[in-house]
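There are 2 protein chains.
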Amino acid sequence: MPQVYVEDIAQHVGQEVTLKGWLYNKTDKGKLRFLLVRDGTGVLQAVVFQKNVSPEVFEATDTLTQESSLSVTGEIRPDDRALGGFEMDVTHLEVVQVAESYPITPKEHGTSFLMDNRHLWLRSSRQHQIMRIRSEIVKACRDFLDDRGFILADTPIITPAACEGTTTLFELDYFEEKAYLTQSGQLYNEAACMSVGKTYCFGPTFRAEKSKTRRHLMEFWMIEPEVAYAELDDIMELAEQYISYITQRVLEERKEELKTLERDTSWLEKVAPPFPRISYSEAFEILKEEGSETPSGSDFGGTDETLISKRFDRPVIVHRYPKAIKAFYMEPDPVDPELALCMDILAPEGYGEIVGGSQRIHDHDLLLARIQEHSLPVESFQWYLDLRKYGSVPHSGFGMGIERVVAWICGIEHVRETIAFPRMLHRMYP
Amino acid sequence: MPQVYVEDIAQHVGQEVTLKGWLYNKTDKGKLRFLLVRDGTGVLQAVVFQKNVSPEVFEATDTLTQESSLSVTGEIRPDDRALGGFEMDVTHLEVVQVAESYPITPKEHGTSFLMDNRHLWLRSSRQHQIMRIRSEIVKACRDFLDDRGFILADTPIITPAACEGTTTLFELDYFEEKAYLTQSGQLYNEAACMSVGKTYCFGPTFRAEKSKTRRHLMEFWMIEPEVAYAELDDIMELAEQYISYITQRVLEERKEELKTLERDTSWLEKVAPPFPRISYSEAFEILKEEGSETPSGSDFGGTDETLISKRFDRPVIVHRYPKAIKAFYMEPDPVDPELALCMDILAPEGYGEIVGGSQRIHDHDLLLARIQEHSLPVESFQWYLDLRKYGSVPHSGFGMGIERVVAWICGIEHVRETIAFPRMLHRMYP
Chain A
1 MPQVYVEDIA QHVGQEVTLK GWLYNKTDKG KLRFLLVRDG TGVLQAVVFQ KNVSPEVFEA
61 TDTLTQESSL SVTGEIRPDD RALGGFEMDV THLEVVQVAE SYPITPKEHG TSFLMDNRHL
121 WLRSSRQHQI MRIRSEIVKA CRDFLDDRGF ILADTPIITP AACEGTTTLF ELDYFEEKAY
181 LTQSGQLYNE AACMSVGKTY CFGPTFRAEK SKTRRHLMEF WMIEPEVAYA ELDDIMELAE
241 QYISYITQRV LEERKEELKT LERDTSWLEK VAPPFPRISY SEAFEILKEE GSETPSGSDF
301 GGTDETLISK RFDRPVIVHR YPKAIKAFYM EPDPVDPELA LCMDILAPEG YGEIVGGSQR
361 IHDHDLLLAR IQEHSLPVES FQWYLDLRKY GSVPHSGFGM GIERVVAWIC GIEHVRETIA
421 FPRMLHRMYP
Chain R
1001 MPQVYVEDIA QHVGQEVTLK GWLYNKTDKG KLRFLLVRDG TGVLQAVVFQ KNVSPEVFEA
1061 TDTLTQESSL SVTGEIRPDD RALGGFEMDV THLEVVQVAE SYPITPKEHG TSFLMDNRHL
1121 WLRSSRQHQI MRIRSEIVKA CRDFLDDRGF ILADTPIITP AACEGTTTLF ELDYFEEKAY
1181 LTQSGQLYNE AACMSVGKTY CFGPTFRAEK SKTRRHLMEF WMIEPEVAYA ELDDIMELAE
1241 QYISYITQRV LEERKEELKT LERDTSWLEK VAPPFPRISY SEAFEILKEE GSETPSGSDF
1301 GGTDETLISK RFDRPVIVHR YPKAIKAFYM EPDPVDPELA LCMDILAPEG YGEIVGGSQR
1361 IHDHDLLLAR IQEHSLPVES FQWYLDLRKY GSVPHSGFGM GIERVVAWIC GIEHVRETIA
1421 FPRMLHRMYP
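As given, the protein sequences belong to chains A and R, one line each in that order.
Residue numbering for the first sequence follows the numbering used here, beginning at 1 and increasing consecutively.
Residue numbering for the second sequence follows the numbering used here, beginning at 1001 and increasing consecutively.
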């Protein structure tokens, strides 16, 4: 008898099928045993009625502990009282393994304990739903760009030079040369987009920052589109369409998961273009009104981002930061060259920055001067400078951190729950 | 006037549009200039007729060098003689930048020179087509699994322990702890599949091997599905459907690119299930017949793989290798416990191994014994052993190396051309 999955169970009403999974919960009622069986795609109630099974099978149900593995066979019938609307009348049951006493119980556990048991914690309903939503977000991210003719180019993880200084880089030995784990694929994207016009990379990026905040991981995934001939306004528009598309997709495809997470989806339903756009100086006015003591001209901290984003009912675009606090490669604003043609997008509800992007300098001499001002090794950037010699064009792009998007869409407090095995300060087990 | 792309040009016949790109080639003919303009999605012939443009514009065409960036405006009309079937009657042209003398010319260049200029080489027709095919292969890889209910779980890149020994690992310092770059997400996949039933990871993997072959990179991308309750036969079937799906997709969606690469697609058209399946010992018989001197019981080298795969017109599955030459986690064959329930898939035309997979040991004590036999640190594998205590189930999976699949499908000799910025022994620039 072939295995079926809970997510397809509606197609098997009236049929006898086999389900393979783990015991999620169990209740006894005289000659009845109600087994909640999870198989990774959903949970089904399997009803064992003493007179329908052999005495051995009925006895076996009493040995089953939480997370024991088992297969159940029986007819599927609709039942309004059952979780998901269906249940199984069990005719046969096979115990694969009776689980040892499971460490994660319905009682409250500390975060440290749960993180030590991350390999098991992933099976908990909440973590399981987050994984399913993350998977959908990643798919939506790729589909949006693929459908619009972007060509994926996987940019390198091991890199010889740093995009923005070496202080927050993981260093490694590459056959007796110093190398670093990438913080962004952007520079390589710029080369690729001169070949394919519209490109993106989507891979792990790394930041060796000794910080412990709810918004940071040492290893996180970032998707970075880059478009030849695009200017700042073009990518602001692309980014707001992008975020709206992803949000809509999750609302459509992961409704049940959001419900289990008790996410207030009214916030997500409001996410549609156009997003409010404010300049850095307008954002700063808000901060002053809110009583922030962040000095003018400096970058926003997490609290500042929260103060700004709380003013809006959807993501807000903040553009044209002072060039002094931004990366070397950003095109200056022709109206005020002390400002950079850049933008960040802050998610609402206090989630803060999820996107950062800019128009890139396309003039060779200006870029060279910037590299020198930032004391970066010109030799390492020779290839990057080359892009400004051979048919240079205005171009722009942005990066979106997936963990922060997942945290925001799921409505969860800390990014550590947004990836299967988070890498944090002093934590790389399991 | 909004920018249009060459790939959408058929929708704009009879309209005046603007195209932005780079000069690919140019020919003069009296009062006519024929400009081949590439924009990353294709190449269009833009015809500049002296009487249709201002004298300045006509003169400007004579300044244009290879890879100069420009925008051209004009009406699109069908023309059977033109590349792609359309051309543009130019009414306006804007030079964005006249390129310096382009280092890559139609003459033959050495590989080392081309690799030094990889950031520019990517613009060449052949490299450009390979990038487009790789992007499609990656999409097909993900779609196949997503459509079948697999949940993506991005497994960690920075890991504390080694899957198969530390000799070929890149080591790094993780806040004063030793860490390594991952060689496979498999062990983590095994934890994830106990949560979601069917999972996969798809990310960069690393091997610090001092070898220079046409099949190896230091950094390569691998997709690894893992299925709870699946046994060896199940994943052999999954893998042959998978490879067939990917091949068909590229044949459908990247026909033009394959043609440009002069790929003999008759080989790809034959890729359909079932694939021939032979045991290790049957494969060894072939080697003996072919005069190979590889000693019995050892692993196959590249040449051996070529000899075996050349016997078949489609990918061939070789199963049940001696456990002594395989990884510690493989389930022994109940018929002959000296053999492992594993399989490799060898691509035809001498391309060799593209897939490796196995059923995993699900018995706790047997796995513990294997970890000890292989002198691996039990402490680091505690979480992995846990998976065998709490509802352990038979499970299986495989890994597929994307660069090798791209090389095979494109019909190219060396994997260095299959990724935008390859990381090779003594090469990490650009």
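Careful, some of the hints might be misleading.
[To be verified] Taking lysine to aspartate or glutamate pairs in the DMTMM-like style, the calculated list, with each CA pair at most 25 Å apart, reads:
#1 Lys1031/R / Glu1056/R
#2 Lys1026/R / Glu256/A
#3 Lys139/A / Asp1062/R
#4 Lys259/A / Asp1147/R
#5 Lys1326/R / Asp1234/R
#6 Lys1389/R / Glu108/A
#7 Lys139/A / Glu1177/R
#8 Lys255/A / Asp1147/R
#9 Lys1139/R / Glu177/A
#10 Lys389/A / Asp1062/R
#11 Lys270/A / Glu256/A
#12 Lys310/A / Glu413/A
#13 Lys1323/R / Glu1177/R
#14 Lys1389/R / Glu285/A
#15 Lys51/A / Glu7/A
#16 Lys212/A / Glu1176/R
#17 Lys26/A / Glu7/A
#18 Lys1178/R / Glu209/A
#19 Lys178/A / Glu1176/R
#20 Lys212/A / Asp1264/R
#21 Lys1139/R / Glu1056/R
#22 Lys1210/R / Glu7/A
#23 Lys1389/R / Glu1289/R
#24 Lys259/A / Asp1146/R
#25 Lys178/A / Asp1062/R
#26 Lys1210/R / Glu177/A
#27 Lys212/A / Glu1177/R
#28 Lys310/A / Glu285/A
#29 Lys31/A / Glu108/A
#30 Lys255/A / Glu1282/R
#31 Lys1212/R / Asp173/A
FYI, nobody ran anything at the bench for these hints, they're computed from the structure.
Structure-based check of each hint:
For the proposed pair Lys1031/R and Glu1056/R, the alpha carbon gap of about 14 Å is at most 25 Å, so the pair holds. The hinted pair formed by Lys1026/R and Glu256/A fails the criterion: a straight-line CA distance of about 58 Å is larger than 25 Å. Among the hinted pairs, Lys139/A with Asp1062/R is inconsistent with the structure: their alpha-carbon atoms are about 47 Å apart, more than 25 Å. A C-alpha spacing of about 23 Å is found between Lys259/A and Asp1147/R, which places the hinted pair at or below 25 Å, so the restraint holds.
For a cut-off of 25 Å, the pair hint linking Lys1326/R to Asp1234/R stands: about 20 Å separates their Cα positions. For the suggested pair Lys1389/R and Glu108/A, the alpha carbons sit about 22 Å apart, so the restraint of at most 25 Å is met. Annotation: proposed proximity of Lys139/A to Glu1177/R is violated, straight-line Cα distance about 34 Å (limit 25 Å). Under the criterion of a C-alpha separation no larger than 25 Å, the hint pairing Lys255/A with Asp1147/R is consistent with the structure, at around 18 Å.
With a C-alpha separation of about 34 Å, the suggested pair Lys1139/R and Glu177/A falls outside the 25 Å cut-off, and the hint is violated. Restraint check: the Cα-Cα separation between Lys389/A and Asp1062/R comes to about 19 Å, which is no more than 25 Å; the hinted pair holds. With a C-alpha separation of about 19 Å, the suggested pair Lys270/A and Glu256/A falls inside the 25 Å cut-off, and the hint holds. For the given pair, Lys310/A sits about 16 Å from Glu413/A by alpha-carbon distance, which is consistent with the 25 Å threshold.
For a cut-off of 25 Å, the pair hint linking Lys1323/R to Glu1177/R is broken: about 33 Å separates their Cα positions. Pair hint Lys1389/R plus Glu285/A does not hold up; C-alpha atoms about 58 Å apart against a cutoff of 25 Å. For the given pair, Lys51/A sits about 29 Å from Glu7/A by alpha-carbon distance, which is inconsistent with the 25 Å threshold. This hinted pair checks out: Lys212/A and Glu1176/R have alpha carbons roughly 17 Å apart, not beyond 25 Å.
Pair hint Lys26/A plus Glu7/A holds up; C-alpha atoms about 21 Å apart against a cutoff of 25 Å. At roughly 17 Å between alpha-carbon atoms, Lys1178/R and Glu209/A fall within 25 Å of each other, so this suggested pair holds. In summary, the hint linking Lys178/A to Glu1176/R is supported, as the alpha carbons are separated by about 17 Å, within the 25 Å threshold. Proximity of Lys212/A to Asp1264/R is assessed by CA-CA distance (about 55 Å); at most 25 Å being required, the pair is judged violated.
The straight-line distance between the Cα atoms of Lys1139/R and Glu1056/R is roughly 45 Å, outside the 25 Å bound, and the hint therefore fails. The hinted pair formed by Lys1210/R and Glu7/A fails the criterion: a straight-line CA distance of about 47 Å is larger than 25 Å. At roughly 46 Å between alpha-carbon atoms, Lys1389/R and Glu1289/R are farther apart than 25 Å, so this suggested pair is violated. Between Lys259/A and Asp1146/R the alpha-carbon distance is near 22 Å, which keeps this suggested pair within the 25 Å criterion.
With a CA separation close to 46 Å, the supplied pair Lys178/A and Asp1062/R exceeds the 25 Å bound. With a C-alpha separation of about 14 Å, the suggested pairing of Lys1210/R with Glu177/A holds against the 25 Å cut-off. Proximity of Lys212/A to Glu1177/R is assessed by CA-CA distance (about 17 Å); at most 25 Å being required, the pair is judged to hold. Distance check on the hinted pair: Lys310/A and Glu285/A sit about 14 Å apart at the alpha-carbon level, within 25 Å; holds.
For a cut-off of 25 Å, the pair hint linking Lys31/A to Glu108/A is broken: about 32 Å separates their Cα positions. Taken as a hint, the Lys255/A and Glu1282/R pair is broken in the structure, with Cα atoms around 51 Å apart against an allowance of 25 Å. At roughly 18 Å between alpha-carbon atoms, Lys1212/R and Asp173/A fall within 25 Å of each other, so this suggested pair holds.
In the structure shown, a violation is registered for the earlier hints numbered 2, 3, 7, 9, 13, 14, 15, 20, 21, 22, 23, 25, 29, 30, in ascending order.
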